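Visitor: Letter by letter, the chains look like this.
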Amino acid sequence: AQTIHQWPVAEIKAVGSPLSLGCTIKGKSSPNLYWYWQATGGTLQQLFYSITVGQVESVVQLNLSASRPKDDQFILSTEKLLLSHSGFYLCAWSLSRGTSAETLYFGSGTRLTVL
Amino acid sequence: AQSVTQPDARVTVSEGASLQLRCKYSYSATPYLFWYVQYPRQGLQLLLKYYSGDPVVQGVNSFEAEFSKSNSSFHLQKASVHWSDSAVYFCALSPHSNTNKVVFGTGTRLQVLP
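Heads up: the sequence lines are chains A and B, in that order.
The working numbering applies: residue 1 is where the first sequence begins, and numbers increase by one.
The working numbering applies: residue 116 is where the second sequence begins, and numbers increase by one.
None of these hints come from the bench; they were simulated from the model.
Keep in mind the model is a prediction, meaning the values are calculated, not measured.
Each residue gets a CB set at the ideal place from its N, CA and C atoms; glycine is no exception.
No false leads were mixed into what you were given.
Capping the alpha-carbon separation at 30 Å, the derived lysine-lysine pairs in DSS-like fashion look like this:
hint, chain 1, residue 1, chain 2, residue 2
1, B, 216, A, 70
2, B, 216, A, 28
3, B, 184, B, 139
4, A, 80, A, 70
5, B, 216, A, 80
6, A, 13, A, 70
7, B, 216, B, 184
8, A, 70, A, 26
9, A, 70, A, 28
10, A, 13, A, 26
11, B, 139, B, 216
12, A, 26, B, 216
Far from chain A by the CB rule (all over 10 Å, computed), these chain B residues:
hint, residue
13, 116
14, 127
15, 129
16, 131
17, 137
18, 139
19, 142
20, 201
21, 226
Selected chain B positions facing chain A (in silico; Cβ < 8 Å):
hint, residue
22, 158
23, 215
24, 216
25, 220
26, 221
27, 222
Please take these sequences and the hints and turn them into a complete structure.
Guide: The structure is reproduced here in structure tokens:
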């Protein structure tokens with residue numbers, strides 16, 4: 001069975017500090033990977049997606065970057081946090097066929113508070 | 116550009132009552148459509164999805180949704196809700212041209228009163 005693990009569960013960081021969030025998928029080779037951001041009580045905004053190692057597509061510009069160093073790992077990072085980065089970050093994966101309505105499988109998320 | 120509108124931010128119903136959560140979409144063709152549920156402090160889980168064929172789609176936990184091309188809608192329904200259905204429900208759309216881009220609505224918070 002496939003599992004998706006996000007770390008850390010929660011972070012409290014200062015404005016201007018760096019950030020690194022991680023996501024690992026086990027039991028599925030070559031998945032499509034996604035990062036979503038959810039403001040408190042808000043909708044999900046897709047940030048990035050990746051269909052293969054080393055290749056990441058940006059969907060919106062929020063002074064964040066993403067990388068896929070391994071087939072099963074997706075990293076979200078920034079060198080300088082802003083207050084507006086606070087929220088709930090969700091990693092997700094899907095099958096890589098890309099030709100049908102693929103289900104997104106979400107991790108449990110990371111709660112980020114920027115002070 | 117595609118978009119999803121969920122006009123009801125909050126819905127409150129009594130346990131055992133029927134439920135309809137509304138979803139309207141904007142897209143030039145027939146998209147892929149989804150309903151996801153989010154329980155407190157958790158990620159989202161798929162309830163059901165539509166991509167073609169029968170406009171009525173059955174999902175988990177007795178949820179169903181009906182696709183209407185003429186109304187650009189994909190409303191979620193359940194005949195009898197349980198208190199454990201209390202959660203936030205998101206409607207989402209994915210264009211056929213790029214299934215890697217999934218657009219979510221703003222969500223509807225459902226409260227089921229015992």
